[in-house]
Amino acid sequence: MAAWELAKLLLQLDKRTLPHLWEIAGAFGTPSRRGGPPLAATLVEAALFTLRGAFFGFAIGALIGFVLGTIFAHVRILEQSLVPYVVASQTVPILAIAPMVVVWLRGSWWSVPLIAAYLTFFPVTINTLRGMKSPDPRAVELMRSYAASSWEVLWKLRFPASLPAIFAALKVAATSSVVGAIIAELPAGMQRGLGGAILNFNQYYITGPERLWAAILAAAIVGILFFVGVSLVERVVLRNIVRSA
Amino acid sequence: MAVVSITNVNKVFGSGNRPQTVALKDINLEIQPREFISLIGPSGCGKSTLLRTIGDLIPPSSGEVLVNGKPAHAARLNREYGMVFQSPVLFEWRTVLGNVELPLEIMRVPKPERTQRAREMLRLVELHGFERHYPWQLSGGMQQRVAIARALSFRPQLLLMDEPFGALDEITRERMNAELLRIWQETQTTVVFVTHSIPEAVFLSTRVVVMSARPGRITDIIEIDLGYPRTVETREMPRFFELVTQVREALRKGEDMRER
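Read top to bottom, the protein sequences are chains C and B.
Just so we're aligned, residue 1 is where the first sequence starts under the numbering used here, counting upward by one.
Just so we're aligned, residue 246 is where the second sequence starts under the numbering used here, counting upward by one.
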């Protein structure tokens, strides 16, 4: 925060480039429309709307990622032929895909989680694949010596062994799902979420830059809260595993 | 009937245009019930490969492996042997008890019986009181005891051990050797034990199978006539040293044969 104000002072940045922190803080208490509720209330409402989209997107993406990663870990030919496409999917700008999804779903709310899922399935796929392949080959031999079925090897060995890697991916996915949901709200024309708020305040940036900054702050807080939530679940699930490294 | 019967087994690794390695050449070996057999030899002599063909974890290129009179594959599906590796390979997310219960779980043993048997096995390896601990809370020697308890939990008649004490320090290793003999006597199992420690092989075994590398083959089989029980004093008997020397010379002879 000191760096913020120092940069502002040293570089002689005006309000439009970088408003004072107290101006941003103040913006939360001021209504964005005359006679409306304070900005903070509007943003909390918008944040909850966006969080809902992000959460469903996260859940769908995590599920797809887990299933894909598990399949790739078991079927080598699918891994070799399809993983490049999974990687390619992430090089396509989401901004280009979002409007198509909105059109396909005829502007349904589900386009938001779907676009968020597009960003979240990738890290989960890659880390599930890596995690599923992480067990010691001797642990696999051990399971074979018990004549365990592949299903048992999956649930009793590969899945628990891959949990640390999967959680690492889920934490990345949690934050990117928020970004995905915000971006998805734009072409979908959803006014109620943070995406709508950011777009709206963008247009009034010249007269009230602190409101856009406040919306950005709200988006960051949503992402952080989601991240912290996943981290807490991770702490509970992996409480008994101590990494030797 | 022999517990393990190996006839004309060969194993060649690598195919196509990759260089081929003869890991096992013309292996013949019969192991009788209640025997303690050590496979000893330099690295790359195929002793671990031989152990894995008995366990049907690696198929032989030719020849036949019978376990309890059945093909090794059928014996594996029938869960007729327990396996212990050099590293304990414990599942870090399971408690000590949970690790020992793992094979019983896969074999669909009901929960109460499973827990009871696992506790019994932990008593056998002198780890009672550690049921609720996690693997990382135990020392290397204790972890290996858990692995032994796990291998014995479903009462297999055959125990396959791949350098189980190779990563332990000398003092722990000697103590584990004595422990293993006690367990072997109590459980009445047959053991096939891979090692590259000569004193360990002599101390434990009824017979020591000497192997040599490239191609991996059996060069000698030495009867260990020390009698049981074996104790700390056994290691200081003149006959113990004679047998250690005999195994050492057999190993050297195997290497000389290769050079000629």
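Note that these hints are calculated values from the structure, not bench results.
Glycine included, C-beta positions come from ideal geometry on N, C-alpha and C.
Mixed in with the good hints there might be a few duds.
Claimed, not checked - Cross-link-like lysine to any residue pairs, in silico, SDA-like; alpha carbons within 25 Å at most:
| # | chain 1 | residue 1 | chain 2 | residue 2 |
| --- | --- | --- | --- | --- |
| 1 | C | K15 | C | L48 |
| 2 | C | K133 | B | Y379 |
| 3 | C | K156 | B | D271 |
| 4 | C | K133 | B | K356 |
| 5 | C | K133 | B | F336 |
| 6 | B | K270 | B | K498 |
| 7 | B | K356 | C | L18 |
| 8 | C | K156 | C | V179 |
| 9 | B | K315 | C | K133 |
| 10 | B | K315 | B | G374 |
| 11 | B | K356 | C | A40 |
To be verified - Some chain B residues judged to face chain C by a derived CB distance under 10 Å, without partners named:
| # | residue |
| --- | --- |
| 12 | V257 |
| 13 | Q331 |
| 14 | V334 |
| 15 | R452 |
Stated by the list, open to error - Computed beta-carbon distance windows for the label pairs:
| # | chain 1 | residue 1 | chain 2 | residue 2 | range |
| --- | --- | --- | --- | --- | --- |
| 16 | B | P316 | C | A96 | 33 to 41 Å |
| 17 | C | I71 | B | E500 | 46 to 54 Å |
| 18 | B | A412 | C | L105 | 40 to 48 Å |
These are the hints, each one checked on the structure:
1. Simply put, C/K15 and C/L48 have alpha-carbon atoms about 29 Å apart, too far for the 25 Å limit, and the pair is violated.
2. Simply put, C/K133 and B/Y379 have alpha-carbon atoms about 23 Å apart, close enough for the 25 Å limit, and the pair holds.
3. The suggested pairing of C/K156 with B/D271 is violated, with an alpha-carbon distance near 38 Å, which exceeds 25 Å.
4. At roughly 29 Å between alpha-carbon atoms, C/K133 and B/K356 are farther apart than 25 Å, so this suggested pair is violated.
5. Between the alpha carbons of C/K133 and B/F336 the distance comes to roughly 15 Å, so the proposed pair stays at or under 25 Å and holds.
6. For the suggested pair B/K270 and B/K498, the alpha carbons sit about 17 Å apart, so the restraint of at most 25 Å is met.
7. For the suggested pair B/K356 and C/L18, the alpha carbons sit about 65 Å apart, so the restraint of at most 25 Å is broken.
8. Only pairs whose Cα atoms come within 25 Å are accepted, and C/K156 paired with C/V179 is rejected, the gap being roughly 35 Å.
9. Restraint check for B/K315 and C/K133: not satisfied, since their Cα atoms lie roughly 33 Å apart, outside the 25 Å limit.
10. With a CA separation close to 39 Å, the supplied pair B/K315 and B/G374 exceeds the 25 Å bound.
11. Restraint check for B/K356 and C/A40: the C-alpha separation of about 55 Å exceeds 25 Å, so the hint is violated.
12. Hint status for B/V257: violated, given a least beta-carbon distance of 20 Å to chain C, over 10 Å.
13. Interface hint status for B/Q331: upheld, as the beta-carbon distance to the closest one in chain C is roughly 8 Å, under 10 Å.
14. Taken as an interface hint, B/V334 checks out: its beta carbon lies about 5 Å from the nearest beta carbon of chain C, inside 10 Å.
15. At about 24 Å, the closest approach between the beta carbon of B/R452 and any beta carbon in chain C exceeds 10 Å, and the interface hint on this residue is violated.
16. The hinted window of 33 to 41 Å between B/P316 and C/A96 is violated, with their beta carbons roughly 59 Å apart.
17. Distance hint check: the CB atoms of C/I71 and B/E500 are about 49 Å apart, consistent with the given range 46 to 54 Å.
18. Distance hint for B/A412 and C/L105: a CB-CB separation of about 57 Å, inconsistent with the stated range 40 to 48 Å.
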